[in-house]
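Q: Sequence:
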Amino acid sequence: MRPGAPRAPIPSRSCAVNKSVTVSAGTESAVSESAESALLLEHVNRSYREGPRRLDILKDVSLMVRPGEIVALVGPSGSGKTTLLQVAGLLDRPDSGEVWVSGARCSNMGDAECTRMRRDRIGFIYQFHHLLPEFNALENVALPQRIAGKTRVQAEGHAIDLLGVLGLAERLRHRPGELSGGERQRVAIARAVANGAGLLLGDEPTGNLDHRTAEQVFASMLALVRGKRVAALIATHNLELAERMDRVLTIQDGVLSEQ
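So the sequence shown is residues 488 to 746, counted in our numbering.
Rather than coming from a laboratory, the hints here were simulated on the basis of the structure.
Any given hint could turn out to be false.
As the list claims (entries may be wrong) - Here are the in silico distance ranges between beta carbons for each label pair:
hint, residue 1, residue 2, range
1, 541, 710, 40 to 50 Å
2, 657, 602, 33 to 43 Å
3, 699, 739, 22 to 32 Å
4, 633, 654, 22 to 32 Å
5, 714, 614, 20 to 30 Å
Beta carbons: idealized from backbone N, C-alpha and C, even for Gly.
The task is simple: from the sequences and hints, build the whole structure.
A: So this is what it looks like as structure tokens:
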């Protein structure tokens, strides 16, 4: 951590990974731990075939992220960060192990159930914001709520609340082309949790931003995590920001450890 850089306040209860915490393989223990967590992975393995070779991408990965906690995921390119996020976000299935999201066991869910979980419980943010250019900030955040069945009044009211938490109360009617890079990314964060997602997964969300803007986006993301009790797992190459999160997980050759 750089001198004088404040670390994000750490919630009263923390969870370690691998050697720092023991995650029981028993279903009863998993149910108990999953009830406390927004995300729980138990002994997850994932491999792919490349011709005759088998590539082991995730090796016996276990982790927990609780509501109100922001956790950094670091490691070199190709180490398994994106695969881990895809498994956690129900975009990919592990070869073995268990995945729990918001207390629900997801490993044996069908595709339709996984889709509903992603829509209602999980938010994703990426390097690029993927906002709809013809819609303003308010409309971009309200749209997924309308699709989920909320009225316009309900959707826009919640969108205004989220955008206010992220410091965008004065930018509601601006389209993406009229917003700065950091503002666009903050709108994307608000959209990601608009349907009440308790879990936020970020794949290099500040990767395309300059240092100052990355700091602003991180501060906004932290305010959302703390204020709305969202759990966040953020993959990043920005070690300075990583060290200011509650915990730092490192993945190397598919093996997860905690600093």
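Q: Now, for every hint given, state plainly whether the structure supports it.
A: Now the hints, each set against the structure:
1. Between residue 541 and residue 710 the CB atoms are about 43 Å apart, so this pair conforms to the stated range of 40 to 50 Å.
2. The beta-carbon spacing between residue 657 and residue 602, approximately 35 Å, falls within the hinted interval of 33 to 43 Å.
3. Between residue 699 and residue 739 the beta carbons are some 30 Å apart, a value that agrees with the proposed interval 22 to 32 Å.
4. At about 24 Å, the CB distance of residue 633 to residue 654 agrees with the hint of 22 to 32 Å.
5. Distance hint check: the CB atoms of residue 714 and residue 614 are about 24 Å apart, consistent with the given range 20 to 30 Å.
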